[in-house]
Amino acid sequence: MKVNKRTWIRTMCAAAAMAAVSGAAFAQGAPLKIGLLATLEGPFAAGGADGMRGAELALSQRGGVVAGRKIELVKASSNANPDVAVNATRKLVEQDKVEIMVGPLSGGEGIAVKDYSKTQPQVTFINGGSGAQATTLVNTSPNFFRFNTEGAQWMVGLGKAAMDKGYKRTMIIAEDYAFPYSQVQGFMAEYCRLGGKVPVKAWVPLGGKDYASVIARIPKDVDALLVVLGGADAVNFLTQYENAGGDLPMMGGSITVSQDVLNYKGKRRDSLVGTISAGPVADTFDGADWKAFVADYRKAYPVSAGGFPSPSLFAFVYYVNMKAALDGLAAVNGDLSGGQAKYREALSKMVLKTPTGDVRLDGNRQAIGTTFVTEVVKDAQGNLSTKVSRKVDNVDQTLGIKKEDFQMGTRDVPACP
Amino acid sequence: MSAAKWRRAMHTGLTGAPVRARPQAVGRAGGRSAPAAAPTVDSYADSDAPRWLKYLWRTLGARHVFVLVFVLLLPFVASPFLTYQVAAQSLIFGLIALSLSFLAGYGGMVSLAQMSVAGMAGYAVAVLGASGTATSLGWAWWVVVPFALVIAVICSTLIGWLSVRTDGIYTIMITLAIGVAFYYLVLQNYTVFNGFQGFQKVYPPVVWGINWRDPMPFYFLCLFWAMAGYFFIQWLVRTPFGIALQGTRDNARRMNSLGFNVTAHRVAAYAVSGLLAGVGGVLLVWYNGLITPGSVGTGWLINVLVIAVLGGMKHPIGAFLGAIVFILLQTFAIDLIDRERFNLVIGGVFLAIVLFSPDGLLGLWAKLRSRFGPNQVLTSTPQRRQA
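Residue numbers (our numbering), protein chains in the order written: chain A, 1 to 417; chain B, 418 to 804.
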């Protein structure tokens with residue numbers, strides 16, 4: 001009896017092993033593999049999932065086939081930590097042998113993956129959603145492309161809008177890492193030039209919960225606050241500021257004034273109406289391409305299936321980058337020979353049609369594109385959304401400043417107290 | 418688990434590997450009676466072969482030779498990815514987990530700060546050595562690495578000195594608090610640790626014309642230090658110090674009344690574990706090429722404990738087994754199941770292993786051996802009962 005049971009278990013193990021081996025053998029085909037990396041864990045998990053939706057949308061618009069070759073997406077996840085992102089990328093590139101890599105999502109990750117891309121010259125890397133300036137500004141990698149504009153470019157026009165509103169002195173509250181540095185630099189470059197003053201900058205840790213010390217530091221003589229916080233951090237800050245009785249007008253960073261923050265429930269919610277912000281997307285932009293993109297997104301990912309009411313910034317940038325990867329493939333008819341030389345040539349010269357207008361690349365393979373200055377409005381149903389107040393085209397990475405005068409954003413640069 | 422229970426659980430396993438001690442070592446340590454170390458028939462006892470050769474002949478089994486050949490040949494047959502990301506990373510985390518399983522398995526002290534100690538060594542390499550950040554001092558590697566290890570040992574000793582007076586859950590609490598404090602320190606300090614962004618481009622040096630960042634050299638570097646750590650612990654637990662440490666684990670009061678300084682032994686164990694974790698930390702920062710606060714966050718403090726428990730704490734090899742399973746799962750779980758649910762697979766496997774074998778993979782191995790292996794007449798009985 002005992003022997004029988006033992007034999008049976010051994011047989012089952014052998015059968016399982018054979019099934020695994022033969023299954024692997026059947027899976028041999030020759031679709032073109034594209035790696036896709038986004039943050040499905042950690043602070044940007046919701047944004048990462050929406051980024052994946054955007055990338056999938058770009059592929060499904062082409063029916064999953066480019067130049068007669070079937071495209072297979074190989075997905076990986078990170079958690080906004082650079083070491084995790086590099087490990088995940090390394091798996092996609094070296095183990096799954098993807099030929100094109102799209103990702104990652106967060107600023108610090110982008111810099112680390114760009115550094116890694118130098119060791120893998122046979123693969124073309126296209127950014128996902130990361131928006132740190134340094135990725136394509138210093139120490140550039142010849143096989144890393146970014147078809148989305150970055151953090152500083154997203155803030156162009158906000159400085160002028162602030163001066164128009166009469167905000168002459170502003171305090172900045174921002175998270176303490178590469179992406180908000182870029183955002184703050186983009187705002188201050190313009191704001192300081194027009195005569196605005198920033199007496200205090202408060203850098204808070206990512207994922208912070210307690211903003212009491214920051215709120216206590218707000219000077220009496222400032223006209224407005226610029227809040228560059230993401231997701232949960234922004235909601236925490238707004239709630240605590242409201243409880244502390246604060247009533248200064250607010251300006252938001254590109255990922256601060258997004259749907260998940262606008263829909264939080266709080267007394268101060270109504271006071272958000274009129275908040276100005278800037279970014280690569282605006283919910284109610286009336287361009288035909290944008291409307292078509294939103295309709296496609298809503299059709300593919302209705303709210304009941306986990307999508308957002310309107311595509312988030314991350315869905316948009318992943319869509320744009322994946323579309324660039326596929327359009328480039330179509331342009332060279334799927335030819336990736338010669339170390340992908342032709343493909344990269346096509347990418348560098350491409351004029352990419354995006355839902356918000358045409359995008360070109362500069363010499364560092366960084367996008368030159370459109371930025372929207374927006375204002376929060378309340379519609380008839382009481383929902384808050386962003387309305388375009390100004391559209392700025394052809395924003396380049398040095399924000400129109402001469403290259404030798406341009407300074408990359410850090411904690412202390414630029415300054416105009 | 419209370420401290421007493423923990424120790425009892427450890428104690429029941431004592432007939433297993435750890436205390437296959439040489440009788441004279443036990444004799445010198447006083448106290449404990451050696452568990453029936455009956456003199457085996459040794460056909461080579463009378464020959465004039467050197468002593469180390471006799472020792473090898475007595476202890477080396479077929480499985481040791483097999484594992485050794487396997488780890489030496491692996492990089493020549495496996496892809497660079499498997500060599501670097503799976504094998505080398507497993508060895509590094511195995512080494513860090515070994516520092517914990519030495520503390521917990523042989524000293525009865527569960528410290529959650531082992532990853533922090535490794536991180537301190539890693540940060541020391543990044544701050545003192547060369548990196549992409551301007552604040553790094555750029556010293557030569559042969560100054561930096563000893564410095565990093567000394568820092569790790571000192572910090573670990575201090576952590577031990579703080580926490581050895583506590584027991585069980587309180588030790589865990591204190592070491593967790595230290596670990597989290599270190600995380601927030603490196604997250605918010607900009608003058609030394611460069612805050613959230615940490616240090617990029619911390620690469621291993623080029624020595625003897627070999628670029629140690631390449632997968633194969635790096636693998637052998639990790640293999641060397643992992644094996645060094647493994648054999649060091651194997652040797653250490655049979656020395657008088659190691660035996661006395663296990664004595665303090667089993668009954669501290671009795672050891673104290675026998676004239677052993679329990680606190681000193683425990684602090685010394687922390688120092689040893691600090692050295693192991695420090696070596697692991699240096700290798701880890703070279704492996705990643707960067708270090709950020711995320712590397713020493715709460716998640717990783719817990720992961721090291723998971724690796725140690727997963728493998729089993731009764732034998733040093735458990736840490737490495739646990740690390741292999743952990744890294745394999747972390748790397749490949751996303752291929753098995755829907756991308757948004759892959760953490761479920763990881764958690765499920767951990768749960769299954771711990772549920773069916775409280776002693777981790779080592780316990781599972783012992784169970785399987787007694788069930789499917791050649792029917793052993795007498796020796797298998799106690800293992801079965803234990804299972």
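Just so you know, the hints here were simulated from the structure itself, not pulled from any lab data. Among these hints, one or two may not hold up.
Here are the in silico distance ranges between beta carbons for each label pair [to be verified]:
{"#": "1", "chain 1": "A", "residue 1": "K349", "chain 2": "B", "residue 2": "L575", "range": "16 to 26 Å"}
{"#": "2", "chain 1": "A", "residue 1": "S348", "chain 2": "B", "residue 2": "V623", "range": "32 to 42 Å"}
{"#": "3", "chain 1": "B", "residue 1": "N606", "chain 2": "A", "residue 2": "Q240", "range": "23 to 33 Å"}
{"#": "4", "chain 1": "B", "residue 1": "N760", "chain 2": "A", "residue 2": "A380", "range": "54 to 64 Å"}
{"#": "5", "chain 1": "B", "residue 1": "I586", "chain 2": "A", "residue 2": "A232", "range": "23 to 33 Å"}
{"#": "6", "chain 1": "A", "residue 1": "K402", "chain 2": "B", "residue 2": "L575", "range": "14 to 24 Å"}
Where is the CB? At the ideal position from N, CA and C, for every residue including glycine.
Verification of the supplied hints:
no. : hint                        : in the structure
1   : A/K349 - B/L575: 16 to 26 Å : violated, 60 Å
2   : A/S348 - B/V623: 32 to 42 Å : holds, 33 Å
3   : B/N606 - A/Q240: 23 to 33 Å : holds, 24 Å
4   : B/N760 - A/A380: 54 to 64 Å : violated, 42 Å
5   : B/I586 - A/A232: 23 to 33 Å : holds, 31 Å
6   : A/K402 - B/L575: 14 to 24 Å : violated, 53 Å
Hint compliance for this structure: hints 1, 4, 6 are not met, and every other hint is.
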